[in-house]
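Chains as they are written, first to last, in full-length UniProt numbering: chain A, 1 to 61; chain B, 1 to 61; chain C, 1 to 61; chain D, 1 to 61; chain E, 1 to 61; chain F, 1 to 61.
One or more of the hints may lead you astray.
If you want a taste of the chain B side facing chain A, the calculated C-beta under 10 Å gives, among others [stated by the list, open to error]:
1. N5
2. E23
3. E29
4. R36
5. T39
6. Y40
7. A42
Honestly, the hints are just simulated from the structure, not real lab data.
Glycine residues also receive a C-beta, built at the ideal position from the N, C-alpha and C atoms.
Protein chains: 6
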Amino acid sequence: MPYVNIRIAGTLSREQKARIAEEITDTLERIALKPRSYTYIAFDELPDENWAIAGKLLDED
Amino acid sequence: MPYVNIRIAGTLSREQKARIAEEITDTLERIALKPRSYTYIAFDELPDENWAIAGKLLDED
Amino acid sequence: MPYVNIRIAGTLSREQKARIAEEITDTLERIALKPRSYTYIAFDELPDENWAIAGKLLDED
Amino acid sequence: MPYVNIRIAGTLSREQKARIAEEITDTLERIALKPRSYTYIAFDELPDENWAIAGKLLDED
Amino acid sequence: MPYVNIRIAGTLSREQKARIAEEITDTLERIALKPRSYTYIAFDELPDENWAIAGKLLDED
Amino acid sequence: MPYVNIRIAGTLSREQKARIAEEITDTLERIALKPRSYTYIAFDELPDENWAIAGKLLDED
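All chains, full assembly: derive it from the sequences and hints.
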């Protein structure tokens, strides 16, 4: 541990995921004192029609 | 918040997801007094071979 | 399945959880055609200091 | 319940998932005394570029 | 990875958790060929009133 | 969205959680272009006996 799960609607580029993973791992090392090698980060990219805010799917007009 | 994650095996139509999201958001507003705009709902639709009940994958004969 | 996970900051009364579970199970039966006995619902009630929106913990002034 | 979520990077064959589901259901029956029919197991197979360890995506050289 | 999340209503003894963790780690090593040191297992023990099956909380008469 | 779930064994101070939430929200704003107000972060702090690595609970000698 830590295990971090990042869930978004839509997609991220590989480059975005690489930079986010690097920054979050760094944040947890500096602030929570977790060794870098312990941090797992899993990204879930969901279709817009699988995410709702305020009762409306995100692909709605 | 709230964050609601609905996980099923198989798929739902867009219309089913829209109606489920609307009803659950309404439920949480009426009963838990959560403002509609705060409620996130994420649907995960898994292949039948990725879900097991009673030790058997759901696509098993 | 379905498995539904409802995560909120703060607490719900037992009565609120009972009514929410009943309504969501009903929603999934009517709209997604899932038999009532298959639906699992798990509630996670997190302390306000364990939930952040917009970069601020919810217990912040 | 129990609800078990197994998340990996990469894929498993159908046969691997079937055997893992059978063994874990058996483990929970023997040790936790949970009836087999109650145990749900959901597998999530993520692309290597969606999983990071030690700040590096798994598809990195 | 793998990351395994086991969610139950009620509690498990420390001994039960130790034996379950050992067996599941072994299962993933033998069948999915995942090195033992990579497997994280997290147990969530929920109060009976936070889990519903078939629309009823588990602490209901 | 995004919804970020950070799961650790042990505890974090309120100050650590506040700083981690701020940094991760900032990371997702800069790199993934997600408006700050959309980002939810939920922390789960598990007892050491509820987390296993390599088949051993973390509270084991």
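Right, here's what the structure says about each hint:
no. : hint : in the structure
1   : N5   : holds, 8 Å
2   : E23  : holds, 8 Å
3   : E29  : holds, 8 Å
4   : R36  : holds, 5 Å
5   : T39  : holds, 7 Å
6   : Y40  : holds, 6 Å
7   : A42  : holds, 5 Å
Violation of the numbered hints given earlier is absent; every hint is satisfied by the structure.
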